[in-house]
Amino acid sequence: MASEGNKKKYSMWSILILNRLEKNSHLLQPPINNHCVYNEDVIVMIVGGPNSRTDYHINETPEWFYQLKGAVLLKVVDDGKFKDIIIEEGCMFLLPANVPHNPVRFADTVGIVLEQKRPEGSLDRLRWYCENCKNIVNEESFHCIDLGTQIKKAVTQFKEDKKLRTCSHCNVIASTEPDSMNDLQSA
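To convert a position in the sequence shown, counted from 1, into this note's numbering, add 1084.
Hints in this document: simulated from the structure, not taken from any laboratory. A couple of the hints might just be wrong.
What the hints assert, rightly or not - Below, computed lysine to any residue pairings styled on SDA-like, alpha-carbon distance capped at 20 Å:
no. : residue 1 : residue 2
1   : K1153     : C1120
2   : K1159     : S1136
3   : K1201     : S1225
4   : K1159     : I1196
5   : K1237     : S1136
6   : K1159     : E1173
7   : K1165     : F1177
8   : K1201     : Q1234
9   : K1167     : P1180
10  : K1236     : F1226
11  : K1201     : F1177
Based on the sequences and whatever the hints tell you, model everything.
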């Protein structure tokens, strides 16, 4: 059971996150819309929508999602099958380690994502799949130090290089923009 002092700390965290969100909403910009608010043993990020990503992130540690405002569509690849998970406002979801995932965030939505600080030698990966044959089109690996910056760099490189976007299996060129947000919301 939480002591009175801990209750005050938890309450203070809630206020700080909401205040930080108000003061830093300009930092939540596409393609990633991510702002790190705490980076010690645990990484706490505020993530807003809309985002414009087609990559699937693979993290060697679990990720905890809490949806503060609106819903998020979490696209995952589970045992080779593409699946959609909707995390409604006020709900949370724990994503196991090593599950490829693409969080699709809609306009005016806000979530909080908690991740573990990466162990030494661990690698995060960004993976793009062919829309036609589901083959892996491209994959980038990096030791995560600043997730927002590192993802943005890889996404930009992918968008700018047609060779990186060309499927080696069927020669389809991968899209650099997600499906229309209107189409996704009605799905």
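Hint-by-hint comparison with the structure:
no.	hint	in the structure
1	K1153 x C1120	holds, 18 Å
2	K1159 x S1136	holds, 13 Å
3	K1201 x S1225	holds, 16 Å
4	K1159 x I1196	holds, 17 Å
5	K1237 x S1136	holds, 14 Å
6	K1159 x E1173	holds, 17 Å
7	K1165 x F1177	holds, 19 Å
8	K1201 x Q1234	holds, 15 Å
9	K1167 x P1180	holds, 14 Å
10	K1236 x F1226	holds, 12 Å
11	K1201 x F1177	holds, 19 Å
Of the numbered hints given earlier, the model fails none.
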